[in-house]
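Trainee: Now for the letters of each chain:
There are 4 protein chains.
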Amino acid sequence: MRLKGGPTQDEVMAVSLAKLDILPGDLVADIGCGTGKVSIAASRVAERIYAIDQRPEAIAYARREAAAASAGNIEFFEGDAVEILPGIGHLSAAFVGGSRRLPEVLEILAGKVQGRIVVNAVMVGTLHEAIQSMQRLDIFIEALHLQVSRSSAIANGVMFKPNNPVYVIVGGVGCS
Amino acid sequence: MRLKGGPTQDEVMAVSLAKLDILPGDLVADIGCGTGKVSIAASRVAERIYAIDQRPEAIAYARREAAAASAGNIEFFEGDAVEILPGIGHLSAAFVGGSRRLPEVLEILAGKVQGRIVVNAVMVGTLHEAIQSMQRLDIFIEALHLQVSRSSAIANGVMFKPNNPVYVIVGGVGCS
Amino acid sequence: MRLKGGPTQDEVMAVSLAKLDILPGDLVADIGCGTGKVSIAASRVAERIYAIDQRPEAIAYARREAAAASAGNIEFFEGDAVEILPGIGHLSAAFVGGSRRLPEVLEILAGKVQGRIVVNAVMVGTLHEAIQSMQRLDIFIEALHLQVSRSSAIANGVMFKPNNPVYVIVGGVGCS
Amino acid sequence: MRLKGGPTQDEVMAVSLAKLDILPGDLVADIGCGTGKVSIAASRVAERIYAIDQRPEAIAYARREAAAASAGNIEFFEGDAVEILPGIGHLSAAFVGGSRRLPEVLEILAGKVQGRIVVNAVMVGTLHEAIQSMQRLDIFIEALHLQVSRSSAIANGVMFKPNNPVYVIVGGVGCS
Chain A
61 MRLKGGPTQD EVMAVSLAKL DILPGDLVAD IGCGTGKVSI AASRVAERIY
111 AIDQRPEAIA YARREAAAAS AGNIEFFEGD AVEILPGIGH LSAAFVGGSR
161 RLPEVLEILA GKVQGRIVVN AVMVGTLHEA IQSMQRLDIF IEALHLQVSR
211 SSAIANGVMF KPNNPVYVIV GGVGCS
Chain B
61 MRLKGGPTQD EVMAVSLAKL DILPGDLVAD IGCGTGKVSI AASRVAERIY
111 AIDQRPEAIA YARREAAAAS AGNIEFFEGD AVEILPGIGH LSAAFVGGSR
161 RLPEVLEILA GKVQGRIVVN AVMVGTLHEA IQSMQRLDIF IEALHLQVSR
211 SSAIANGVMF KPNNPVYVIV GGVGCS
Chain C
61 MRLKGGPTQD EVMAVSLAKL DILPGDLVAD IGCGTGKVSI AASRVAERIY
111 AIDQRPEAIA YARREAAAAS AGNIEFFEGD AVEILPGIGH LSAAFVGGSR
161 RLPEVLEILA GKVQGRIVVN AVMVGTLHEA IQSMQRLDIF IEALHLQVSR
211 SSAIANGVMF KPNNPVYVIV GGVGCS
Chain D
61 MRLKGGPTQD EVMAVSLAKL DILPGDLVAD IGCGTGKVSI AASRVAERIY
111 AIDQRPEAIA YARREAAAAS AGNIEFFEGD AVEILPGIGH LSAAFVGGSR
161 RLPEVLEILA GKVQGRIVVN AVMVGTLHEA IQSMQRLDIF IEALHLQVSR
211 SSAIANGVMF KPNNPVYVIV GGVGCS
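Residue numbers (this note's numbering), protein chains in the order written: chain A, 61 to 236; chain B, 61 to 236; chain C, 61 to 236; chain D, 61 to 236.
Derived by calculation from the structure, the hints in this document are not laboratory data.
Honestly, I wouldn't trust all of these hints.
Same chains, same label: a pair holds when it works inside one copy or across any pair of copies.
List time: in silico SDA-like cross-link candidates among lysine to any residue, alpha-carbon distance up to 25 Å [unchecked claim]:
1. K172 x D140
2. K97 x A78
3. K97 x K221
4. K97 x A131
5. K221 x D198
None of these values were measured; they are calculated from a predicted model.
Start from the sequences and build out the full structure, keeping to the hints where you can.
Mentor: Right, dumping it as structure tokens:
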């Protein structure tokens, strides 16, 4: 399946998970879960993952991936995070891989998440919106620009080919 | 303490640990352990860490950090990795944060490590040497160039300040 | 003198000048001229430069630099570009190194400049504002993210030290 | 035509030309001239360009481009720069876009060029070799890592797509 944006790059996921700082026992939301890659990785440590996506094909794909990975502690929700999140109790952490209603999602998360909120963005407008929303909510910690380039073997040597740069925006309650 | 090079950047450590792919039960060497930051992080998952550094002040510092972090499964070795490694049995994975004898270290590790070998480098010569050594040993998987920039709040907005770029060179037995 | 932001990096200036595509005979505005570095470089090719800055210390500094460089075809204006630009006739190209009233400046420039408009920005908000303003004015061509790292000789080799990343936003009349 | 490596990126060329610091009256060699893009740009300022490439298809292509650009002051040489350069007198500056015999080329240039020598490289081995050769010849000034990312308009915003990173290695007689 080719979901828009594709799966989170391995290196960006590693950094995002480190920023989320998930501990055993944690309840974690994955908003815009796409292929389920981040949910599955987070499910290795967390108690429970709430994976939300409004695209039926994403939920179907992520369910299959989770089953193949024996990740039994992921609960899937098909729909708009703004409508689904209020029905979920408090959260330890939240990852936002994508959302069309980011300011609203962040406002709901700011009232629910006890630890870190991490947003991944590729668009300048989303970066700007995430920082401004988090600053307004007084939860902004930092934003990172990650540029990963990977070696590529060519005829007579090694060169680097760049991945698309990704912004990782980090917030946390009481952390501003 | 200001050890040469300073501690591994958080984001570079996150990527390096992800590449090391450490599992419960693993035996992991940390060569050029410096402040002990990578050893301590790896010790959360691995069975045992062998932390090696030839600088007495690094070993002393890392020991204190490990004690403060209640990381009881790290064994410290002060001296040259080329002399110490042969006395250690097989390894699941190895991280090389620094070594003056990198080609020799990699040759020893290639015969001992059953999983991943990850080298961090900031110098072009070290990058070149690590890739060439791994290619010669037939264990080269990939090299990454990581450029992390971090938001910095200034008077009327947010700008990005870059960290020093770091190369992460990844090898593995039977993976070339 | 330490003007806020410092002089434009050499490499960023080279790219910005290339995008401005200045030809002999051109009339060029340099808005937020700071140390005068871009004005002086542009004055080598252009017919006349209008260098504008609202900081008296910038104008004084840039005047001295221009005199030292024998750049006699730069006209200096101390004040707000939004008020000064309407008094200047048509322009071949314009460089905006800094302005607190960017959307208004771009709107005036869009009606005056026959070639390229190039904005340098370090802040995310300015990048966002420049793109949005240029898109609204239908003059947006492209934005670049320039990350220059420079070799630094250390004890036993060469490493790269990064400059602050800079955004170069390029517009042009009839080019969108 | 698809010459290996393709033409120099506009932004990399702008930086390389700025480092070459070409003045009216200059005699400039372009080694591995490829499509002729750098030769043609340099010919706007320099007195004469010696464009060398060992690929007949490159020379043929570059000749046509030069004719189309009315760049009449470019002299073309098909063959190996190590054999051709000795037949050319002193040079003001030299650009090396590619060469299989870089250390030899740099040694010849070090004895011929009175100003700047600029090498473009994408491979780590070439970067390493260029720095080491220039250090040995005592002409090394600096190396740059240029990472240019360009805006790309997608459905609902602007993101950045990275170009391949390029190394620009700068040398000069009496400048080390």
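Trainee: Hints numbered earlier in the text: which of these fail when held up against the supplied structure?
Mentor: Hint check: nothing fails, all pass.
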